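Undergrad: Those sequence lines, one after another, are chains A and B.
Each residue of the first sequence is one higher than the one before, counting from 1 in our numbering.
Each residue of the second sequence is one higher than the one before, counting from 1 in our numbering.
Since the hints were derived computationally from the structure, they do not count as laboratory data.
Just to be clear, a hint being listed does not mean it is correct.
Partial chain A-side listing against chain B, Cβ under 8 Å, derived [claimed, not checked]:
no. : residue
1   : ASN3
2   : ARG110
3   : THR125
4   : ALA130
5   : THR133
6   : LEU134
7   : ASN140
Fair warning: this is a prediction, and the values are worked out from it, not measured in the lab.
For each residue, glycine too, the CB sits at the ideal point set by N, CA and C.
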Amino acid sequence: MLNVLAMIGRGTLNTLGAIGAMFIFTLQSLLACLRPPFFVGLTALQFVRIGYFSLPVVGLTAFFTGAVLALQIYIGGSRFNAESIVPTIVVLGITRELAPVIGGLMVAGRVAAAIAAEVGTMRVTEQIDALKTLSTNPFNYLVVPRLIASVIALPLLVLIGDIIGIMGGYTVSTQSLGFNATTYIKKTWDFMETQDVTSGLWKAAVFGFIIALQGCYFGYSSRGGAQGVGAATTNAVVSASILILAANYIMTSFLFKT
Amino acid sequence: MSTPKLALEGLCKSFGDKVVLDGVDLSIAPGESLVVIGGSGSGKSVMLKCILGLMIADQGKVLIDGQDVTRLGGRAREKLMRRFGMLFQGGALFDSLPVWENVAFGLIRSRKMKRAYAREVAVETLAKVGLGADVASLSPSELSGGMQKRVSLARSIATKPEIMFFDEPTTGLDPIMADVINELIISSVKDLGATALSITHDMASARKIADRVAMLYKGRIVWCGPVEDIDKSGNPLVEQFIHGRADGPIKMELKRA
Numbered sequence: 001m002l003n004v005l006a007m008i009g010r011g012t013l014n015t016l017g018a019i020g021a022m023f024i025f026t027l028q029s030l031l032a033c034l035r036p037p038f039f040v041g042l043t044a045l046q047f048v049r050i051g052y053f054s055l056p057v058v059g060l061t062a063f064f065t066g067a068v069l070a071l072q073i074y075i076g077g078s079r080f081n082a083e084s085i086v087p088t089i090v091v092l093g094i095t096r097e098l099a100p101v102i103g104g105l106m107v108a109g110r111v112a113a114a115i116a117a118e119v120g121t122m123r124v125t126e127q128i129d130a131l132k133t134l135s136t137n138p139f140n141y142l143v144v145p146r147l148i149a150s151v152i153a154l155p156l157l158v159l160i161g162d163i164i165g166i167m168g169g170y171t172v173s174t175q176s177l178g179f180n181a182t183t184y185i186k187k188t189w190d191f192m193e194t195q196d197v198t199s200g201l202w203k204a205a206v207f208g209f210i211i212a213l214q215g216c217y218f219g220y221s222s223r224g225g226a227q228g229v230g231a232a233t234t235n236a237v238v239s240a241s242i243l244i245l246a247a248n249y250i251m252t253s254f255l256f257k258t
Numbered sequence: 001m002s003t004p005k006l007a008l009e010g011l012c013k014s015f016g017d018k019v020v021l022d023g024v025d026l027s028i029a030p031g032e033s034l035v036v037i038g039g040s041g042s043g044k045s046v047m048l049k050c051i052l053g054l055m056i057a058d059q060g061k062v063l064i065d066g067q068d069v070t071r072l073g074g075r076a077r078e079k080l081m082r083r084f085g086m087l088f089q090g091g092a093l094f095d096s097l098p099v100w101e102n103v104a105f106g107l108i109r110s111r112k113m114k115r116a117y118a119r120e121v122a123v124e125t126l127a128k129v130g131l132g133a134d135v136a137s138l139s140p141s142e143l144s145g146g147m148q149k150r151v152s153l154a155r156s157i158a159t160k161p162e163i164m165f166f167d168e169p170t171t172g173l174d175p176i177m178a179d180v181i182n183e184l185i186i187s188s189v190k191d192l193g194a195t196a197l198s199i200t201h202d203m204a205s206a207r208k209i210a211d212r213v214a215m216l217y218k219g220r221i222v223w224c225g226p227v228e229d230i231d232k233s234g235n236p237l238v239e240q241f242i243h244g245r246a247d248g249p250i251k252m253e254l255k256r257a
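Please build the complete structure, drawing on both the sequences and the hints.
TA: See the structure below:
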């Protein structure tokens, strides 16, 4: 009986400790964002890596998501003679929810893993210690460029995802579901509001922050060689994904109610 | 007696229940080369990390030129680091940067040198460690172990530090390359007029590069003296270590058969 209690106790303390460590890391990163030096070149490089190279993933994801959404809404809508609702639901679904969240999850899988692997390998080969001995704050050099690049890149990616997603719905609707092209586009615009798109972009910025932070945190604190880096990579992706979904709910329920 | 360049007073560090440093006292005079020897797990790397500030000691003091720097952090620590040069055990070269940018890293970062000029200084420094200018544009992963160590050495001397630290400089190298590194360490330190602290368990290297030797055992310095006296130390721990005997007062943790 005591063993079970000890296990629960240990588990709770470990979890709280992990949350605390991540919180401290987040604070240190935010402070480093405000203090010079600022590595503009490194930030630009990370922007290309995170943003530009994620375009194919986000584009394909958005296209297929938009296409399948159009199909499903058509099927559902036809049960009560509301097939014409497809363009509206596609645009609302994509811009408010699916492009940021599914796009965010795909980019998390790609980018959080890559960041954790790179930073983790630097940690276990003592490169981060070497940075410190060369008078360079690892937070300024490694974490801040990735954070800033990610926060700027994700909204841009999601914006492109919005367009491609709507195009996916449009393609399926006009090619297979018998919608008239002009009518479809008009119906897309009719009920769309600016807030639909901007709320998705705010979500994207927050998701970008989460992705880069998780990648950096797990990479920075990895220990123990190849296995440690492998574990860090997995944990970064899982953690980023769960936090994205949680943040998505919190943001939607508190911020974007109108 | 002048102020020691680097002094440790009663340094203690534990990880949970495990006591790694148990009151380490050391002092190194300016321009002197001290080698700390000891078995694996005796706390040598932890001691080095506490001096550099990569870890904070639980108790005790680290004094540089008489000034207490044990708990220095942030900007003050960054300023202090500029006086140090460190050669890591695995080299710790930045694999995303070419060799010259690795060597010039400290120059660009803390001396605020212009990149083009820093590149020239880097190539000169590479020449000092016996590497040609053609190596400068390679990536660290394209180099052999010996070359990586030499580039790492070039990186640590490029900023002309006052105190040099060497973490197992010859580990993993063949005997000839190990001696090349020993020679380079001696000449670089002499060139810079720097104070040097090395940790190693390579006795040949220790004998060559040291002015004085200290032995770390179970978190304490058990012997310290000039390198010439190491064979007549009279200390059974030192005797067992330098002659490499499995039997003796130092019992490595082996599971009983």
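Undergrad: Next step is simple, just say for each hint if it's right about the structure.
TA: Here is how each hint holds up against the structure:
For A:ASN3, the interface hint is violated, the least distance from its beta-carbon to any beta-carbon of chain B being 20 Å, above 8 Å. Using the Cβ-Cβ criterion of 8 Å, the hint placing A:ARG110 at the interface with chain B is not satisfied: the shortest such distance is roughly 18 Å. Because the closest C-beta pair between A:THR125 and chain B is about 6 Å apart, less than 8 Å, the hint holds. A cut of 8 Å between beta carbons decides the hint on A:ALA130: the least distance to chain B is about 4 Å, and the hint holds.
The restraint placing A:THR133 at the interface with chain B holds, with a minimum CB-CB distance near 4 Å, inside the 8 Å limit. Contact between A:LEU134 and chain B, as hinted, is supported at the beta carbon level, the nearest pair being about 4 Å apart and thus within 8 Å. A least Cβ separation of about 10 Å between A:ASN140 and chain B goes past the 8 Å threshold, and the interface hint is therefore violated.
When held up to the earlier numbered hints, the structure conflicts with 1, 2 and 7 and fits the remainder.
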